[in-house]
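S.K.: For the record, the sequence lines run as chains A and B.
So the first sequence is numbered by the working numbering: it starts at 1 and just counts up by one.
So the second sequence is numbered by the working numbering: it starts at 1001 and just counts up by one.
By construction, these hints were calculated from the structure, which means they are not laboratory data.
Owing to the predicted nature of the structure, the values given are computational and were not obtained by experimental measurement.
From the three backbone atoms N, C-alpha and C, an ideal C-beta is built for every residue, glycine too.
Where hints are given, some of them may not hold.
Quick list of the computed label-pair ranges, beta carbon to beta carbon [said to hold, decoys possible]:
1. Val41/A / Gly1295/B: 53 to 63 Å
2. Thr1142/B / Lys245/A: 29 to 39 Å
3. Lys1335/B / Gly167/A: 47 to 57 Å
4. Gly167/A / Gly1314/B: 21 to 31 Å
5. Gly165/A / Ala1170/B: 51 to 61 Å
6. Glu288/A / Ala1170/B: 29 to 39 Å
7. Pro40/A / Glu1114/B: 47 to 57 Å
8. Leu1244/B / Lys98/A: 23 to 33 Å
9. Thr1183/B / Thr50/A: 25 to 35 Å
10. Ala170/A / Lys1098/B: 28 to 38 Å
11. Glu288/A / Pro1040/B: 47 to 57 Å
12. Thr1142/B / Gly295/A: 34 to 44 Å
13. Asn1145/B / Thr142/A: 32 to 42 Å
14. Gly295/A / Thr1183/B: 41 to 51 Å
Pairs of lysine to aspartate or glutamate residues, derived as EDC-like cross-links and limited to a Cα-Cα distance of at most 20 Å, are as follows [stated by the list, open to error]:
15. Lys1335/B / Glu55/A
16. Lys335/A / Glu1330/B
17. Lys260/A / Glu246/A
18. Lys245/A / Glu301/A
19. Lys335/A / Glu1051/B
20. Lys1149/B / Asp1171/B
21. Lys1221/B / Glu1099/B
22. Lys1161/B / Glu1051/B
23. Lys216/A / Glu316/A
24. Lys1335/B / Glu333/A
25. Lys1245/B / Asp1230/B
26. Lys303/A / Asp247/A
27. Lys245/A / Asp257/A
28. Lys335/A / Glu55/A
29. Lys335/A / Glu1333/B
30. Lys260/A / Asp230/A
31. Lys1216/B / Glu1204/B
32. Lys335/A / Glu1055/B
33. Lys1221/B / Glu1114/B
34. Lys1303/B / Asp1241/B
35. Lys98/A / Glu1099/B
36. Lys98/A / Asp247/A
37. Lys1216/B / Glu1316/B
38. Lys1303/B / Asp1230/B
39. Lys1161/B / Asp1144/B
40. Lys1335/B / Glu330/A
The primary structure of each chain is shown beneath.
2 protein chains.
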Amino acid sequence: MNIRKIVKSVFGGAVGLFLIIQGIGASDFPLFPPLGPLPPVTIPANNPQTEAKVELGKKLYFDPRLSGNNWISCATCHNPALGFADGLPRMLGGPTSKEGGRHSPTVINTAYNEFQFWDGRAATLEEQALGPIQNPNEMFETLDNVVRKLSGIPDYVRAFKEVFGTGITADGIAKAIAAFERTIVCANSPFDRYMQGDEHAMSESAIRGMALFTGKAECIKCHNGPNFTDNRFHNIGVPADGPLKEDLGRYNVTKNDADKGAFKTPTLRNITDTAPYMHNGFFPTLFEVVQFYNGGGGRSENKSSDIHALQLSGQEVGDLIEFMKALTGELVEIKYNAVPLAFPNLPKGF
Amino acid sequence: MNIRKIVKSVFGGAVGLFLIIQGIGASDFPLFPPLGPLPPVTIPANNPQTEAKVELGKKLYFDPRLSGNNWISCATCHNPALGFADGLPRMLGGPTSKEGGRHSPTVINTAYNEFQFWDGRAATLEEQALGPIQNPNEMFETLDNVVRKLSGIPDYVRAFKEVFGTGITADGIAKAIAAFERTIVCANSPFDRYMQGDEHAMSESAIRGMALFTGKAECIKCHNGPNFTDNRFHNIGVPADGPLKEDLGRYNVTKNDADKGAFKTPTLRNITDTAPYMHNGFFPTLFEVVQFYNGGGGRSENKSSDIHALQLSGQEVGDLIEFMKALTGELVEIKYNAVPLAFPNLPKGF
Chain A
1 MNIRKIVKSV
11 FGGAVGLFLI
21 IQGIGASDFP
31 LFPPLGPLPP
41 VTIPANNPQT
51 EAKVELGKKL
61 YFDPRLSGNN
71 WISCATCHNP
81 ALGFADGLPR
91 MLGGPTSKEG
101 GRHSPTVINT
111 AYNEFQFWDG
121 RAATLEEQAL
131 GPIQNPNEMF
141 ETLDNVVRKL
151 SGIPDYVRAF
161 KEVFGTGITA
171 DGIAKAIAAF
181 ERTIVCANSP
191 FDRYMQGDEH
201 AMSESAIRGM
211 ALFTGKAECI
221 KCHNGPNFTD
231 NRFHNIGVPA
241 DGPLKEDLGR
251 YNVTKNDADK
261 GAFKTPTLRN
271 ITDTAPYMHN
281 GFFPTLFEVV
291 QFYNGGGGRS
301 ENKSSDIHAL
311 QLSGQEVGDL
321 IEFMKALTGE
331 LVEIKYNAVP
341 LAFPNLPKGF
Chain B
1001 MNIRKIVKSV
1011 FGGAVGLFLI
1021 IQGIGASDFP
1031 LFPPLGPLPP
1041 VTIPANNPQT
1051 EAKVELGKKL
1061 YFDPRLSGNN
1071 WISCATCHNP
1081 ALGFADGLPR
1091 MLGGPTSKEG
1101 GRHSPTVINT
1111 AYNEFQFWDG
1121 RAATLEEQAL
1131 GPIQNPNEMF
1141 ETLDNVVRKL
1151 SGIPDYVRAF
1161 KEVFGTGITA
1171 DGIAKAIAAF
1181 ERTIVCANSP
1191 FDRYMQGDEH
1201 AMSESAIRGM
1211 ALFTGKAECI
1221 KCHNGPNFTD
1231 NRFHNIGVPA
1241 DGPLKEDLGR
1251 YNVTKNDADK
1261 GAFKTPTLRN
1271 ITDTAPYMHN
1281 GFFPTLFEVV
1291 QFYNGGGGRS
1301 ENKSSDIHAL
1311 QLSGQEVGDL
1321 IEFMKALTGE
1331 LVEIKYNAVP
1341 LAFPNLPKGF
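With the rest of the complex left out, here is chain A (with noise of 0.2 Å):
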């Protein structure tokens, strides 16, 4: 098997060559073959993409009128213009603005996902649509309301006619605005550019990152596949802050006392788009996220027992920020100035 195979394999998934990869040594990883860019997007059988579904899933997305004071869109904790996150290291929401538990986690890249939110509890994006939207902490509204409001607006009415043969559903919701966020996917970043053979997409510093990434920084335990997850769930002793004193993270879903304090591995594509860190914010930049794996991550009872000190040097440090940087692709382009009016502008009958 020859080091092409190889780190095409682990980069595809196969965790399992994980340990081959560590008895090649740090030093060989600047020899990386090129690797393809992230696999076509899988479409579920039952929301086939199209043109006009995705168009309407947009248009819901960006309307604060799913929202129980019509003023909080999917777009306002998502916005396109803060890396489909908010900036914020906890999401605020409800009828007051407050603080909650966790980050807003970005959309990019969800389309990937084996798991939506931060503790898995939803597994497709359809599902996971639809929890904001009635979390009373979050755009509170219930969904027989969101769909009473919608059959109000026959720019609505026409799409869901077009698009799922139907009136306004709360499943139409749903299927809409998951078969738009497929379309949030990034490509081409200078990491994509490389493996495809483009020796200059990344500096020298950052091919030393990659390095450290899959070597002995280890990031690559965790953060593997063409989507720089495993899609699983780790303790690595993120200390508490905001709101919640105790977040129990995947354990909730779950009940299994080992996931106490679990959270999501998040993908490491477009990561320089959606500071703050971890699923409580707690690290304002990707420095001292590094520096809190280079310490041997948090105290936790449950903590991952692959977590512990790198005794990377500072110059290390910032050869795998640079590589992280380099992780950072392009986006589609989003138009705006799309929602249906507000009002059909003649009473019923008129």
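With chain A held as given, fit chain B onto it using these hints.
M.R.: Chain B only, in chain A's frame:
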């Protein structure tokens, strides 16, 4: 003086000619001669438009870090997806998303305003831009804090250096946002195309509505000039609604008794995009607005003597609405994923 010149003069802002138009009689108006589109926006000598400045202004306009909770941007209440307004009767804002006393006015065509805000308390877009940032019920932030926050974001520091040759300043923020807003003007409405000679650009109903607009319905008394506003303040007796028991409007600025309850005449261009209507969003649709005028407006001590019952038939009301719909033109397309990164990703001096 032929009819073409007369009508051009009226829409050009020569209010004095209104009586001449009245003398012609409504039946003449289907012969309306072509009239050009809106004139170019006047650019203030102390704030010339440049591409880089407009781009910077757009970033600032969409950046929630201009607010006290880093969550509310200009675009929250002047949302490109909702006609550069918010679709709500009255704006929400402040640290607890409280309802305010007035309706968020659209940014569309504010470049043509002689006064900004419903009560005209600012003369220029530059002066306006800094108001909501500091308003405790809107973005509740100090200018010092905004300058400090933006000064920590290298992309902004670079952009201000390029555009203004300075560091971040409140004056620069105001000028850049104003420059961006001067690009939010509508063009090529059916009305504009009709006035340029395309007889099929407006429906028969809209053409009848135009005659009513300038004749029997007397809309043109206040909604005149190329932007369909006299840029003056009138009390038409809109009922009180929302948290404000009494809103003295322009009087708050002038302390002139005659201005009690008077509000700025809004543009009617793109009016279909900006429901609900009036300074307090009292009317959800244009139908209710026209019926309000048809009944002679509301009760108010200082109501303008020009407001009286119109005796429009049901068809005439419909025709007027059709004409107003024909005033909706195209807007510049907003591409939205453009705000500088939240964090430099490396602490200073690293």
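S.K.: It remains to establish, for every hint, whether it holds in the given structure.
M.R.: Checked hints:
1. As the Cβ distance of Val41/A to Gly1295/B is approximately 56 Å, the hint placing it in 53 to 63 Å holds.
2. Evaluation of the 29 to 39 Å hint for Thr1142/B and Lys245/A yields a pass: the beta carbon distance comes to about 31 Å.
3. Lys1335/B and Gly167/A have their C-beta atoms about 32 Å apart, which leaves the hinted 47 to 57 Å range violated.
4. Take Gly167/A and Gly1314/B: their Cβ atoms lie about 29 Å apart, and the range 21 to 31 Å holds.
5. Remark: the range hint 51 to 61 Å for Gly165/A to Ala1170/B is upheld by a beta-carbon distance near 53 Å.
6. For Glu288/A paired with Ala1170/B, a C-beta distance near 30 Å keeps the hint of 29 to 39 Å intact.
7. For Pro40/A and Glu1114/B, the Cβ-Cβ distance of about 55 Å falls inside the hinted range of 47 to 57 Å, so the restraint holds.
8. Remark: the range hint 23 to 33 Å for Leu1244/B to Lys98/A is upheld by a beta-carbon distance near 25 Å.
9. Between Thr1183/B and Thr50/A the beta carbons are some 33 Å apart, a value that agrees with the proposed interval 25 to 35 Å.
10. Taken as a hint, the range 28 to 38 Å holds for the pair Ala170/A and Lys1098/B, whose Cβ atoms sit roughly 29 Å apart.
11. Distance hint check: the CB atoms of Glu288/A and Pro1040/B are about 50 Å apart, consistent with the given range 47 to 57 Å.
12. At roughly 37 Å, the beta-carbon separation of Thr1142/B and Gly295/A lies within the given 34 to 44 Å, and the hint holds.
13. Range check, Asn1145/B to Thr142/A: about 37 Å between beta-carbon atoms, so the 32 to 42 Å window is met.
14. Roughly 49 Å separates the CB atoms of Gly295/A and Thr1183/B, a value that falls within the hinted 41 to 51 Å.
15. Under the criterion of a C-alpha separation no larger than 20 Å, the hint pairing Lys1335/B with Glu55/A is consistent with the structure, at around 15 Å.
16. Distance check on the hinted pair: Lys335/A and Glu1330/B sit about 14 Å apart at the alpha-carbon level, within 20 Å; holds.
17. Restraint check for Lys260/A and Glu246/A: satisfied, since their Cα atoms lie roughly 10 Å apart, inside the 20 Å limit.
18. Restraint check for Lys245/A and Glu301/A: satisfied, since their Cα atoms lie roughly 15 Å apart, inside the 20 Å limit.
19. Taking the CA atoms of Lys335/A and Glu1051/B, the gap is near 19 Å; set against the 20 Å cutoff, the hint holds.
20. With a CA separation close to 15 Å, the supplied pair Lys1149/B and Asp1171/B stays within the 20 Å bound.
21. For the proposed pair Lys1221/B and Glu1099/B, the alpha carbon gap of about 32 Å is over 20 Å, so the pair is violated.
22. Between Lys1161/B and Glu1051/B, the direct Cα distance comes to roughly 14 Å. Compliance with the 20 Å bound is thereby established for this hinted pair.
23. Pair hint Lys216/A plus Glu316/A holds up; C-alpha atoms about 10 Å apart against a cutoff of 20 Å.
24. At most 20 Å may separate the alpha-carbon atoms for a hinted pair to count; Lys1335/B and Glu333/A meet this at roughly 7 Å.
25. As the CA atoms of Lys1245/B and Asp1230/B are separated by approximately 27 Å, the hinted pair breaks the 20 Å bound.
26. Using a Cα cut-off of 20 Å, the hinted pair Lys303/A and Asp247/A holds, with the two alpha carbons roughly 13 Å apart.
27. With a CA separation close to 18 Å, the supplied pair Lys245/A and Asp257/A stays within the 20 Å bound.
28. Between Lys335/A and Glu55/A, the direct Cα distance comes to roughly 10 Å. Compliance with the 20 Å bound is thereby established for this hinted pair.
29. Restraint check for Lys335/A and Glu1333/B: satisfied, since their Cα atoms lie roughly 7 Å apart, inside the 20 Å limit.
30. Note on Lys260/A and Asp230/A: the hinted pairing holds, with a Cα-Cα distance of about 18 Å set against a maximum of 20 Å.
31. Only pairs whose Cα atoms come within 20 Å are accepted, and Lys1216/B paired with Glu1204/B is accepted, the gap being roughly 17 Å.
32. Using a Cα cut-off of 20 Å, the hinted pair Lys335/A and Glu1055/B holds, with the two alpha carbons roughly 15 Å apart.
33. Straight-line distance between C-alpha atoms of Lys1221/B and Glu1114/B comes to about 17 Å, which keeps the hinted pair within the 20 Å bound.
34. Restraint check: the Cα-Cα separation between Lys1303/B and Asp1241/B comes to about 17 Å, which is no more than 20 Å; the hinted pair holds.
35. A C-alpha spacing of about 16 Å is found between Lys98/A and Glu1099/B, which places the hinted pair at or below 20 Å, so the restraint holds.
36. As the CA atoms of Lys98/A and Asp247/A are separated by approximately 17 Å, the hinted pair is consistent with the 20 Å bound.
37. About 10 Å separates the Cα atoms of Lys1216/B and Glu1316/B, which keeps this hinted pair within 20 Å; it holds.
38. The suggested pairing of Lys1303/B with Asp1230/B holds, with an alpha-carbon distance near 17 Å, which does not exceed 20 Å.
39. About 18 Å separates the Cα atoms of Lys1161/B and Asp1144/B, which keeps this hinted pair within 20 Å; it holds.
40. The straight-line distance between the Cα atoms of Lys1335/B and Glu330/A is roughly 14 Å, inside the 20 Å bound, and the hint therefore holds.
Hints 3, 21, 25 from the earlier list are contradicted by this structure; the remaining hints agree with it.
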